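If you're matching them up, the sequences are chains A and B in order. Counting in the working numbering, the first sequence runs without a single skipped number right up to 535 at its last residue. Counting in the working numbering, the second sequence runs without a single skipped number right up to 316 at its last residue.
None of these hints come from the bench; they were simulated from the model. Since the model is a prediction, treat every value here as computed from it, not as a measurement. Note that beta-carbon positions come from the ideal geometry of N, C-alpha and C, so glycine has one too. There may be inaccurate statements among the hints.
[As the list claims (entries may be wrong)] DSS-like, lysine-lysine: derived pairs with alpha carbons at most 25 Å apart:
id, chain 1, residue 1, chain 2, residue 2
1, B, K65, A, K426
2, A, K528, B, K81
3, B, K65, A, K533
4, A, K405, A, K343
[As the list claims (entries may be wrong)] Non-contacting residues of chain A with respect to chain B, defined by C-beta distances greater than 12 Å in every case (computed):
id, residue
5, D221
6, S229
7, E427
8, E439
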Amino acid sequence: MKKFKRIVSLVCVSCLLISSVVGCGSKVEDKSKDSVTKKEDTVKKDEAVELRFSWWGGEARHEGTLAVIDAYMAKNPNVKIEAEYSGWDGYYQKLVTQLAGTTAPDVIQINYNWLHDLRRQGKFFTDPRDMKDIIDVSGFSQASLDAISVDGELQGLPTGLNAVGMIYNKEFFEKNNLPQDIEYWNWDNLIEEGKRVHEADANQYLLNEFPKTLVDLSNMYLEQKGKEIVTKDFTVGVNVEELTEVYEYIQKLFDNGVIPPFEESALFQDKTEQYPKWINGEMGMFIQVASVIPALSGNFDVGVTRVPLMDGAKSSGVSINATNIFAINDNGPNKEEAAKLINFMLNEEEGINILKDVRGVQSTENGRKLLLDAGAINPVISQTIDIASKYPGQANNEAEMNSELNDIKLQYIEKLGYGELSPEEAATEMLEVIEEKLEEIKKN
Amino acid sequence: MKLKHQRKRFKDYEGLLYISPFIIGFLVFQLYPFIASIVYSFTNFTMIKKPSFIGIENYIYMFTKDREFWGSLVVTFKYVLMAVPMKLIFALFIAMLLNMKLKSINFFRTVYYLPSILGGSVAVAVMWRFLFMQDGVVNKFLGIFSIPPIGWLGNPDISLYTIGLLAVWQFGSSMVLFLAGLKQIPENLYEASAIDGASKIKQFFVITLPMITPILLFNMVMQTIGAFQEFTGAFVITNGGPMKSTYLYGMMLYNNAFVNFKMGYASAQSWILFIIIIIVTIILLKSSKRWAYYEDGGDF
Chain A
92 MKKFKRIVSL VCVSCLLISS VVGCGSKVED KSKDSVTKKE DTVKKDEAVE
142 LRFSWWGGEA RHEGTLAVID AYMAKNPNVK IEAEYSGWDG YYQKLVTQLA
192 GTTAPDVIQI NYNWLHDLRR QGKFFTDPRD MKDIIDVSGF SQASLDAISV
242 DGELQGLPTG LNAVGMIYNK EFFEKNNLPQ DIEYWNWDNL IEEGKRVHEA
292 DANQYLLNEF PKTLVDLSNM YLEQKGKEIV TKDFTVGVNV EELTEVYEYI
342 QKLFDNGVIP PFEESALFQD KTEQYPKWIN GEMGMFIQVA SVIPALSGNF
392 DVGVTRVPLM DGAKSSGVSI NATNIFAIND NGPNKEEAAK LINFMLNEEE
442 GINILKDVRG VQSTENGRKL LLDAGAINPV ISQTIDIASK YPGQANNEAE
492 MNSELNDIKL QYIEKLGYGE LSPEEAATEM LEVIEEKLEE IKKN
Chain B
17 MKLKHQRKRF KDYEGLLYIS PFIIGFLVFQ LYPFIASIVY SFTNFTMIKK
67 PSFIGIENYI YMFTKDREFW GSLVVTFKYV LMAVPMKLIF ALFIAMLLNM
117 KLKSINFFRT VYYLPSILGG SVAVAVMWRF LFMQDGVVNK FLGIFSIPPI
167 GWLGNPDISL YTIGLLAVWQ FGSSMVLFLA GLKQIPENLY EASAIDGASK
217 IKQFFVITLP MITPILLFNM VMQTIGAFQE FTGAFVITNG GPMKSTYLYG
267 MMLYNNAFVN FKMGYASAQS WILFIIIIIV TIILLKSSKR WAYYEDGGDF
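In isolation and in its complexed conformation, chain A is listed as follows:
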């Protein structure tokens, strides 16, 4: 009996052991298997394929994307799609790890501001133009493709168009007698009206801003003056006086109660849809990308105006970007199947009709028309894009997307907002630190 027990437990342990060893070695095995299936794929189309597809987003995007996956699988019974979806937090970090370990999904949703950082590390994504017979890229405007290319190499396809606008709460505007005129706002009346609104009720703020969005606001302000903190050649593009002026303006926003203090708001950065002040209608407007409009309009109707503009502005500081990008994993085993799925979602009528505007307005002319005719695009979203095309800004450059430089900009906005540094001190110190970092980046 004792012996029997021992044999049983030995068998169990061996099983564990074997499974753990197999688990470790699976990567190698997979590859050899995959190359076999790839070869067969060209011969036999019905070979079962397992595709992995990852994205981040809110509830609406998850539902829409899962529905389109179901539709695709129904049409292609040999394809099984594994959906890997989550919120925004931690998505990038996980993706970087997967890319490094070559375990990334086949179809990956990526953000336009990661492209340069990632491409500097290696080639991860297949240029869709290399798969012309599967993906049709003719519907996308050259400008929208250029915006997501690195050194002429297209990294994926834009899932939709997105632009920044001033999204406002209609009820709040009516209550406070604020004009809903699209071209009303400039930097001066923003402060005047903001002050009036806050004085009428101390709980109210005209503008919702977080540390991160104030970085964008300062970039926008500078761009309207024809300046940028770091130019596309990674050199400093402003002097202390110019930067101080922006910071003084931000200081005024705080001092006049136009925006809430960081103590209150910072906790909800990137989480406006959870921010009680926004949900309860105590905030007038928010300068944000159009794709968040569905999430922000849960409790009330929203409208959109153009961003504040200064007299003689050289550009609005608003650029039309890809909401995000569908990329094909270049090291993945199922590149062709991945391309087919992307084509289905972005080019085929059925896919477009299911996805609707969960990733902003469609980036192809055809897709946009299809959804507009069906009334399936949120009118505020398409209006935001229209306004942005009427008041264009410069396209984003690589330096603007560098994570370390952005982190420095954020730090000094925080030091300003928490009152640790005066506008002039913040401007002086920040330029020193930026310069130091630029030298370091150049060295690498």
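Using the hints provided, position chain B relative to the given structure of chain A.
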């Protein structure tokens, strides 16, 4: 004779076979990364590109140029000095409550361990944010007593303490050990001192506390090591902010490794953290000779 000998040898290996899941796991997931990280710390490894050897440049940069390093180190030390004592005091307090002879005390013991099971999970961290936000439950409650709202997580001077509270909340494992220690204290010590007229408070300081010092030492060492490596709370609740006031060492490591593509540099930083933890642990163990009491003389 020979056969018997062979069988014995097999028996030896049999044991190894039983613990092999651990051994393999340890080798692959702990020892290998541990050694690899030493090597990487002398390279400019980005996790993707092929690393090249750069000597001790990472370490030089860390100590002379990195503006974040010292700030983060200070935050981490502040966190350890605050979270560890708070957690130990709280754990001991609850352990003493649960050491009372009550009916259904086992039920309470289970209940008080629950927070540790929930732990620092993301869901709990999100709940923390809602409890301590400006319009949150805690401030609403304080408002009843007309205490003005406090920026628990928004104020850079306070936020670190609020993150520390999340650690204190997971007092369970320390508490269980304390509880075991309290049960070991002979009842007759209390009886004798009571006869001599010692108050409850006096009893605590002259009997209870000295008798559980070995457990106190163990808990202190374990919790200190854990606190130096703290990550979840700061990451999920405040993401290091406001103004880097909760930018713990673990978060800096994570950002360098997974956001800034500086795996080599992050490895170097993790080695510095390792050395700091070793030094602090040695100091604790050495100092314990003066304050930890062992009935058997104290060689461990």
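Worksheet item: What hints, given by number in increasing order, does this structure fail?
Response: Violated hints: none at all, because every hint is consistent with the structure.
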